[in-house]
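Which chain is which? The protein sequence lines are A and B, in order.
Just so you know, our numbering puts the end of the first sequence at 259, numbered straight through with nothing missing.
Just so you know, our numbering puts the end of the second sequence at 329, numbered straight through with nothing missing.
Misleading hints may appear alongside valid ones.
Unchecked claim - A short, non-exhaustive set of chain A residues, derived as facing chain B with CB atoms under 8 Å: (1) Arg-30; (2) Met-53; (3) Val-56; (4) Met-89; (5) Asn-95; (6) Thr-99; (7) Val-166.
Claimed, not checked - Here are the in silico distance ranges between beta carbons for each label pair: (8) B/Gly-39 with A/Arg-145: 38 to 44 Å; (9) A/Asp-79 with B/Gly-86: 31 to 37 Å; (10) A/Asp-79 with B/Arg-208: 20 to 26 Å; (11) A/Asp-252 with B/Asp-27: 52 to 58 Å; (12) A/Arg-131 with B/Val-306: 54 to 60 Å; (13) A/Gly-59 with B/Gly-273: 55 to 61 Å; (14) A/Ser-39 with B/Pro-119: 45 to 51 Å; (15) B/Pro-119 with A/Gly-227: 27 to 33 Å; (16) B/Leu-147 with A/Gly-77: 38 to 44 Å.
No lab work stands behind these hints: they were computed from the structure.
All C-beta atoms in this analysis are idealised placements derived from N, C-alpha and C, irrespective of residue type, glycine included.
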Amino acid sequence: MSKRIDVTDLNVYYGDFLAVEGVTMAIEPRQVTALIGPSGCGKSTFLRTLNRMHEVIPGARVSGKALMDGVDLYGAGVDPVAVRRQVGMVFQRPNPFPTMSIADNVLAGVKLNNRRISKSDAASVVEQSLRGANLWNEVKDRLDRPGSSLSGGQQQRLCIARAIAVQPEVLLMDEPCSALDPISTLAIEDLINELKEQFTIVIVTHNMQQAARVSDRTAFFNIAGTGKPGKLIEIDDTGTIFSTPSVPATEDYISGRSG
Amino acid sequence: MVVTSTTRTADGSRSGGLAAPQRRVADLGGRIFSGFSLGAGLVILAALAAVSIFLIIKAWPALTASGADLAEISWFKSDSLLGYVGPLIFGTLLASVLALVLAVPVSIGIALFISHYAPRRLAQSLGYVVDLLAAIPSVVYGLWGALWLLPVINPVFTWLSDKLGFIPLFADYQAPAKNIMSASVVLAVMILPIITAVTREVFLQTPRLHEEAALALGATRWELVRMAVLPFGRSGIISASMLGLGRALGETMAVLMVISPGFLFSFHLLKPGQHQTIAANIASQFPEASGLSVSVLIATGLALFVITFVVNMAARWVIARRKDFSGAN
Numbered sequence: 001m002s003k004r005i006d007v008t009d010l011n012v013y014y015g016d017f018l019a020v021e022g023v024t025m026a027i028e029p030r031q032v033t034a035l036i037g038p039s040g041c042g043k044s045t046f047l048r049t050l051n052r053m054h055e056v057i058p059g060a061r062v063s064g065k066a067l068m069d070g071v072d073l074y075g076a077g078v079d080p081v082a083v084r085r086q087v088g089m090v091f092q093r094p095n096p097f098p099t100m101s102i103a104d105n106v107l108a109g110v111k112l113n114n115r116r117i118s119k120s121d122a123a124s125v126v127e128q129s130l131r132g133a134n135l136w137n138e139v140k141d142r143l144d145r146p147g148s149s150l151s152g153g154q155q156q157r158l159c160i161a162r163a164i165a166v167q168p169e170v171l172l173m174d175e176p177c178s179a180l181d182p183i184s185t186l187a188i189e190d191l192i193n194e195l196k197e198q199f200t201i202v203i204v205t206h207n208m209q210q211a212a213r214v215s216d217r218t219a220f221f222n223i224a225g226t227g228k229p230g231k232l233i234e235i236d237d238t239g240t241i242f243s244t245p246s247v248p249a250t251e252d253y254i255s256g257r258s259g
Numbered sequence: 001m002v003v004t005s006t007t008r009t010a011d012g013s014r015s016g017g018l019a020a021p022q023r024r025v026a027d028l029g030g031r032i033f034s035g036f037s038l039g040a041g042l043v044i045l046a047a048l049a050a051v052s053i054f055l056i057i058k059a060w061p062a063l064t065a066s067g068a069d070l071a072e073i074s075w076f077k078s079d080s081l082l083g084y085v086g087p088l089i090f091g092t093l094l095a096s097v098l099a100l101v102l103a104v105p106v107s108i109g110i111a112l113f114i115s116h117y118a119p120r121r122l123a124q125s126l127g128y129v130v131d132l133l134a135a136i137p138s139v140v141y142g143l144w145g146a147l148w149l150l151p152v153i154n155p156v157f158t159w160l161s162d163k164l165g166f167i168p169l170f171a172d173y174q175a176p177a178k179n180i181m182s183a184s185v186v187l188a189v190m191i192l193p194i195i196t197a198v199t200r201e202v203f204l205q206t207p208r209l210h211e212e213a214a215l216a217l218g219a220t221r222w223e224l225v226r227m228a229v230l231p232f233g234r235s236g237i238i239s240a241s242m243l244g245l246g247r248a249l250g251e252t253m254a255v256l257m258v259i260s261p262g263f264l265f266s267f268h269l270l271k272p273g274q275h276q277t278i279a280a281n282i283a284s285q286f287p288e289a290s291g292l293s294v295s296v297l298i299a300t301g302l303a304l305f306v307i308t309f310v311v312n313m314a315a316r317w318v319i320a321r322r323k324d325f326s327g328a329n
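The following block holds chain B by itself, in its conformation from the complex (with noise of 0.2 Å):
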């Protein structure tokens, strides 16, 4: 029981009275929330800390090793760790870039149909079938794309090939489609999910507003999109793509079973057996890896690891510079 109800209000006064229970169990929640969301946020910190720490310490053995040591594993052929790490995270970059290339338009006009154009129901059940396709495991796209997809495409790529051969991207493509471009197509595929329901909740936040300035400018749907809704969704699309971005750099079976590997940097795209990700190789060479060469692996995945980092900064900092235009304000 309380007697004398005078508590310490924040400011360090004192008050007492009536109103000093209540206060009390109101700064009880209040204490309990602010305490569970500093710990929420500690835990994401020591979580990536606890990440980077196992990698770098993993890693140590391969990041010293000698060149003579390194070479001791079957399947290492370069003569430094950065040798053999450079064509996989350029491969990785490759595939996840070129998918990326692929999606996002795709993406957005997807998106910009289910906010912008399709009638009301048409547009939410293709939005739950577009929600639907990011529950697909990767190995099952895997699977389509090694299945199904590589003899589907395999003409395309004749074609490509032949016309337009002269380009060296298009060059020197050999059947079966086991090639970088092709894991780039199961890549866009499994990543066109979550960009499109990003961007597509982005496209449903424009202001109601902003629309009606436009229209009652004279504006036909398309240029009402291109003034108010594409501009308004800016940050939204980048921040949707690098979320398929990140997705399509981890992406391991889907990879793993559609790729022909190499160690090349090498921009033939359609020519198997030129690029590898960092992802694949792990999965590949991991169950018979063992010492010196599983530190190898966790390098590379440190890389992997780095290049997330890199990237994500880099789209914050493309956000950051527009910021008084951004609509936020």
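Here chain A stands alone, though its shape is the one from the complex (with noise of 0.2 Å):
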């Protein structure tokens, strides 16, 4: 239930602005590979074409490979529709429904897939997934109250919850806790721990020590000026990148010397 995505040449357009330049990576199934790089450098838009949600901005488009086990998911006849199903994506601010229940947030997405479900299907589906969430013990109590009546890092786990819920192949976290409190951070991130057993995670995160805590590989974006595209310095287990990188300008950025 978790894929590997093989990014070759990808290149990332906003109109006619090259906004992402020839990234080529490779995204190992059941490990969290964590994009850092200062501001405007691309990691959130490159993000965003794993699962084209890049491409839902007018005049966004993208051009290269990325295969998910084999599939290019900008194969011709590829639905993006369908390809959201199997990427499940966190955004940086919680954004719950607020006008469905903690339940009906979980299964939002997996009624899309599957309209008929019995009632006892679904309410093991919610419990699994706030379970899976480190969720269920706060709410199992109030699973008819509004998802907005929630706490900013209680509602993050719900969408992270509503993500899992349907059992996608990857998951992506854009900046998941830069809208959170130090303690909830922390449950987030020992939310990926658990969730990487499971799944592909991507997360993108501007906190360093973050992407030194919770991923196994770190990839670090760069941009050499305004108006000049990001690009994929370089890609390494998080161990190296953060001890000896191979490429000056990840250690400068690392070390607090540039961006």
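Hints in hand, dock the two standalone chains.
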């Protein structure tokens, strides 16, 4: 239930503007891959190409290849909707549907795939997903309350529960802790460690300690200047990147001398 | 010239020094603004009170008149005021609700097309067209209804009455189509622009965050609309419908020009001479009314006033019922 993604020579455009240039990397299954780099270097933009959310923006497009277990996500006849059902996403700011209850939020994606789900099946999906997101004990007595009644950290875990409820192959996280306090952040990081046993995870983070704590592999993106495209500088095991990176720019960024 | 610049702040403590004169200017601006907004709020209440007091005072003679007095009015074909107003209220509500039933789904469809389906260029010009439609005077809609719509809709009604005539709603159609259904169609076209304009704005306000959440779960366009846009816009849709309903309830000319009046509690939507609305009735009787008959007409106006009030209250209640889930928190 977890797949690898091989990206080859991927260019990402907003209209005529080349935002990210020539990314080639392998994302290993059941591992956490962290994307780090200064603001505007295109790491979030790149992340959003992996579930074809990038093209939601008018004029945005992609060239190159992104193979998920050998199938090109951008191949002819591949439905972006089908891609998104296999590649889940958690956003920077928690975004549970405010008009739905906690339970309905968890089931939102499941009901898209499978209209008629029996009541007992639905209840077990809700419990499993909320347990998976370490939220069950906090919300089990108020599943019918609106999702917006939870705290920020709980809402983010609800969004993770919603994403894993559909059993995706890959889970993308776009700075999932940047709007959260340190305790909630810790809860999410623990959760990521548990989730990687089942899912392939790609996480964008501004926090290098976080990348060092949660990821197995780290990719460093950088940008030469405003208006220039972002590029992948290097990708390696997290330990190597943070101790003996092969490119000087990476060391400069990690040690705080740039970015 | 200010020599001792000590002023009292809101909590009553003394403050002085350099900040004081600036604060006083800011205070003045704040006071003018709060006075102005309070005044504006009071004007609304005063207008509302003035209208209701006027209606009650002017309707009083009719409310207290005996059946014998009322019977002297030539067009008063009932034994009590309530008996006279009843069918009118029924006709008004029936025409408006029918119009709403016809207009709301179409409006939501147009609004969704503009906000989420159409290419941006087309959406913009379509938006302008809808706004223009709202500016057409109702007399023009009435003319359009009476001269163009009635002959065009005739075969539709004939077919409906032939095929579905066994349902009382559609029974006994007679040409020309001067029935309540035609009036409702005209009303629906009239209220379409305002409902569309308001719902479109509400749909455009759907937070990007929620739309992306739906898309990232693998929602198609329609599923995105169902998961994020419609639930978020629910209270807006209700408000827009109430605006439309308000306009339909009070609409005079369009109904007057289309309908052949009658004073019955009838559900024969296609039969002429069954219904009349309060506003159209006032307009048609007012030129020849004097004395008590004016008072009777104003009493029917009072009834219309009360109906709009009740309808708005009901809408508020519906919106408030699911406040926790509205997305406003």
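So, going through the hints one by one against the coordinates:
With a cut of 8 Å, the hint placing A/Arg-30 at the interface with chain B is violated, because the nearest CB-to-CB distance is about 21 Å. Here the hint on A/Met-53 is kept, as its CB sits about 6 Å from the closest CB of chain B, short of 8 Å. Hint status for A/Val-56: holds, given a least beta-carbon distance of 6 Å to chain B, under 8 Å. Of the supplied interface hints, the one on A/Met-89 holds, with its beta-carbon coming within about 4 Å of a beta-carbon of chain B, less than 8 Å.
Checking A/Asn-95 against chain B: minimum C-beta separation of about 4 Å stays under 8 Å; hint holds. About 3 Å separates the beta-carbon of A/Thr-99 from the nearest beta-carbon of chain B, less than 8 Å, and the hint is met. Taking 8 Å as the C-beta cut-off, the interface hint given for A/Val-166 holds, the closest approach to chain B being about 7 Å. Against the hinted window of 38 to 44 Å, the Cβ-Cβ separation of B/Gly-39 and A/Arg-145 comes to about 41 Å, which satisfies the hint.
At roughly 58 Å, the beta carbons of A/Asp-79 and B/Gly-86 sit outside the given window of 31 to 37 Å. The hinted window of 20 to 26 Å between A/Asp-79 and B/Arg-208 holds, with their beta carbons roughly 22 Å apart. As the Cβ distance of A/Asp-252 to B/Asp-27 is approximately 53 Å, the hint placing it in 52 to 58 Å holds. Taking 54 to 60 Å as the suggested C-beta distance range, the pair A/Arg-131 and B/Val-306 conforms, at roughly 55 Å.
With their beta carbons about 60 Å apart, A/Gly-59 and B/Gly-273 fall inside the hinted range of 55 to 61 Å. Distance hint check for A/Ser-39 and B/Pro-119: the Cβ-Cβ separation is about 32 Å, which falls outside the suggested range of 45 to 51 Å. Taking the beta carbon of each, B/Pro-119 and A/Gly-227 are about 29 Å apart, inside 27 to 33 Å as hinted. Range check, B/Leu-147 to A/Gly-77: Cβ separation about 54 Å, and the 38 to 44 Å hint is violated.
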